[in-house]
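J.: Chain by chain, the residues run as shown.
2 protein chains.
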Amino acid sequence: MKIVKENHNKLIIDVLSSIGLSKKQAISAGSIMSYADEREISTHGILMLEKYVERIKDNTINKSPEYVWEQKSNSIYTLDGDQGMGHFLGDLAMKKAIEIAEDKSIGLVFVKKATHYGASGYYTNLAASHNMIGFSSTNTMPLIAPTGGSERILGNNPISFAFPRKDDSPIVLDIATSVVAAGKLILANQLGESIPKGWALDKHGNPTEDPYEGFEGGGTLLPIENHKGYGLSLAMDILTGILTGAGYGSKVKNDNIGFVMLAINTDNIMSEGEYNERLNDLISMIKSTKKAEGYNEIFLPGEIEQINKNKSLQEGISINDNLYVELKKLITSLGLSPNKYFD
Amino acid sequence: MKIVKENHNKLIIDVLSSIGLSKKQAISAGSIMSYADEREISTHGILMLEKYVERIKDNTINKSPEYVWEQKSNSIYTLDGDQGMGHFLGDLAMKKAIEIAEDKSIGLVFVKKATHYGASGYYTNLAASHNMIGFSSTNTMPLIAPTGGSERILGNNPISFAFPRKDDSPIVLDIATSVVAAGKLILANQLGESIPKGWALDKHGNPTEDPYEGFEGGGTLLPIENHKGYGLSLAMDILTGILTGAGYGSKVKNDNIGFVMLAINTDNIMSEGEYNERLNDLISMIKSTKKAEGYNEIFLPGEIEQINKNKSLQEGISINDNLYVELKKLITSLGLSPNKYFD
Numbered sequence: 006m007k008i009v010k011e012n013h014n015k016l017i018i019d020v021l022s023s024i025g026l027s028k029k030q031a032i033s034a035g036s037i038m039s040y041a042d043e044r045e046i047s048t049h050g051i052l053m054l055e056k057y058v059e060r061i062k063d064n065t066i067n068k069s070p071e072y073v074w075e076q077k078s079n080s081i082y083t084l085d086g087d088q089g090m091g092h093f094l095g096d097l098a099m100k101k102a103i104e105i106a107e108d109k110s111i112g113l114v115f116v117k118k119a120t121h122y123g124a125s126g127y128y129t130n131l132a133a134s135h136n137m138i139g140f141s142s143t144n145t146m147p148l149i150a151p152t153g154g155s156e157r158i159l160g161n162n163p164i165s166f167a168f169p170r171k172d173d174s175p176i177v178l179d180i181a182t183s184v185v186a187a188g189k190l191i192l193a194n195q196l197g198e199s200i201p202k203g204w205a206l207d208k209h210g211n212p213t214e215d216p217y218e219g220f221e222g223g224g225t226l227l228p229i230e231n232h233k234g235y236g237l238s239l240a241m242d243i244l245t246g247i248l249t250g251a252g253y254g255s256k257v258k259n260d261n262i263g264f265v266m267l268a269i270n271t272d273n274i275m276s277e278g279e280y281n282e283r284l285n286d287l288i289s290m291i292k293s294t295k296k297a298e299g300y301n302e303i304f305l306p307g308e309i310e311q312i313n314k315n316k317s318l319q320e321g322i323s324i325n326d327n328l329y330v331e332l333k334k335l336i337t338s339l340g341l342s343p344n345k346y347f348d
Numbered sequence: 006m007k008i009v010k011e012n013h014n015k016l017i018i019d020v021l022s023s024i025g026l027s028k029k030q031a032i033s034a035g036s037i038m039s040y041a042d043e044r045e046i047s048t049h050g051i052l053m054l055e056k057y058v059e060r061i062k063d064n065t066i067n068k069s070p071e072y073v074w075e076q077k078s079n080s081i082y083t084l085d086g087d088q089g090m091g092h093f094l095g096d097l098a099m100k101k102a103i104e105i106a107e108d109k110s111i112g113l114v115f116v117k118k119a120t121h122y123g124a125s126g127y128y129t130n131l132a133a134s135h136n137m138i139g140f141s142s143t144n145t146m147p148l149i150a151p152t153g154g155s156e157r158i159l160g161n162n163p164i165s166f167a168f169p170r171k172d173d174s175p176i177v178l179d180i181a182t183s184v185v186a187a188g189k190l191i192l193a194n195q196l197g198e199s200i201p202k203g204w205a206l207d208k209h210g211n212p213t214e215d216p217y218e219g220f221e222g223g224g225t226l227l228p229i230e231n232h233k234g235y236g237l238s239l240a241m242d243i244l245t246g247i248l249t250g251a252g253y254g255s256k257v258k259n260d261n262i263g264f265v266m267l268a269i270n271t272d273n274i275m276s277e278g279e280y281n282e283r284l285n286d287l288i289s290m291i292k293s294t295k296k297a298e299g300y301n302e303i304f305l306p307g308e309i310e311q312i313n314k315n316k317s318l319q320e321g322i323s324i325n326d327n328l329y330v331e332l333k334k335l336i337t338s339l340g341l342s343p344n345k346y347f348d
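Protein sequence lines correspond, in order, to chains A and B.
The numbering of the first sequence is the working numbering, which starts it at 6 and goes up by one.
The numbering of the second sequence is the working numbering, which starts it at 6 and goes up by one.
The set of hints was computed from the structure by calculation and includes no laboratory data.
Incorrect hints may appear among the rest.
As the list makes no split between identical chains, a pair holds if one copy fits it or if it spans any two.
Listed next, the in silico DSSO-like pairs over lysine-lysine satisfying Cα-Cα at most 30 Å (straight line) [as the list claims (entries may be wrong)]:
id: 1; residue 1: K292; residue 2: K68
id: 2; residue 1: K296; residue 2: K189
id: 3; residue 1: K256; residue 2: K296
id: 4; residue 1: K100; residue 2: K56
id: 5; residue 1: K258; residue 2: K292
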């Protein structure tokens, strides 16, 4: 089942608006969830819509937040998000970082009292589209144990960097600090499949191949390369949780998430011509690397997502059958007509 | 064999000075190599001294560099290192970043035409000792293939973050973007041991358990969690190679390395009291996490190194027998007396 981008976007905005989310928040959420789904970053797309509806209904997400800016220095601002929709707050925050960097060469924004912001790469991509280097992270619900532990203490806090390219899509790295997302274990459990040993620990802290023991039964997701991913996740939690004034560690909840947004103006560092010539040379080295057996092509970070996007713009955004049924139920339950979006 | 820190430090300074390295460069190298060895980060310690001597002798490292600063914006400076000793240039660069951040809240320094700088954690630790958040990376000789490739195109470019703590050692994360260092494969090959499958690929890009095929035979080190580590390594190469004007990708050589140094003044973000209270709370959560079977304690990034340092200060710095023999040979060959340092 395919849905054209305009309808995908409209569906999200209509659903969120129908339960009272302010229009500007709904528009941000629509843009960023469409960004994710058209790139097949499905975990951060319309799949989340029902959860957001629940959180808006129970006031975890504030329909009309009275967010507050504070200037901390020439280059640093903080944003108290008043539990607004994370996508809206993230968009505001990166736009502010870009605005600061236009004038001061570096813009750094810390956000507290925020909610789930979706795909980190959206925000860094936004910086890159202004010819800046973008960096972003958010903390998440606790999912991983520090190395040597057997309880969920840290999120799989993502790391995203984007680097602009002239006349081409930016390089967009967007990775979680866990080996895999929790969703993969939930799915494996539903399908009755086992999981590789490096994905998760059971609740006693032992490696497990049982997806239930690894997550729903109280296990923990393994961080990438053990202590390395634990350290990266902790570093991201200090930036997004401790320094922002948000929740941190096992105290992170859906309504006290923190973000960090950094924009660096490349104009100040070297000429656009020199930067692009050098970056294109590095990209050529990578793309022309002798292939490993079984590989035909080497992709840059974000390149597969860009290919998916081009396909989605031509053919529409893919929605799987289960999700289609769930979405129709959701839309109908809110008194809207599914026919308006699906044909 | 143990050596007291003062003698360890003096040995390095005397050896480097004896072949004409400028005094201030030798002093930086001594401090930073002692920093590494007292923490048992042995790969970046006195083990490297003979290589540095070779590089100074063949002018890969410039004995008396005429380095050049350039201001790019209020917060951004660049340093052309003129092939000086990497430790000296790294120290200068992070000190400049700290100085900028004292006034402008954020300091960002890009370094080109540099040489090997040793342990990344030294530089970020320096920022933390000024109550700032430190971030540092450098690019390295090519060692890893981009995912899908079978040639060395990118370094195992490290990522280091440090976060200050009041009345306690900072949190210092310092990780390479490869699963293990090349030295581990060289050692396994010497010992005739096999290696785990996740460490390296052979020259055809296939997983290998043969340490020779994985490195000296033309293989590539695997990046942490495959495409994630590849992406992080690439991001670090763009920051340290492309943007600095240094070498990048497979063009990195021992005399055209690049660094990035970032210092963020936490005074501007939240009060020292609030920051420390929150960070200590997060640290308590981590330290008191229920232990996995087989673990008695959970360590923070940099904590084991701090324990090693305290031990080294009491008992002296450990030098293994092979290295001791090699060092005596090196010292004698330069007309110095080993007895001056070892007793």
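J.: Compare the structure with each hint and give your call.
T.: Going down the list of hints, with the structure as the test:
1. K292 to K68: Neither. Shortest intra-copy (46 Å) and inter-copy (38 Å) distances fail the 30 Å Cα cut-off.
2. K296 to K189: The answer is both: 29 Å in one copy and 25 Å across copies each meet 30 Å.
3. K256 to K296: between (45 Å within a copy, 19 Å between copies)
4. K100 to K56: within (26 Å within a copy, 47 Å between copies)
5. K258 to K292: between (41 Å within a copy, 21 Å between copies)
Checked against the numbered hints given earlier, the structure breaks only hint 1 and satisfies all the rest.
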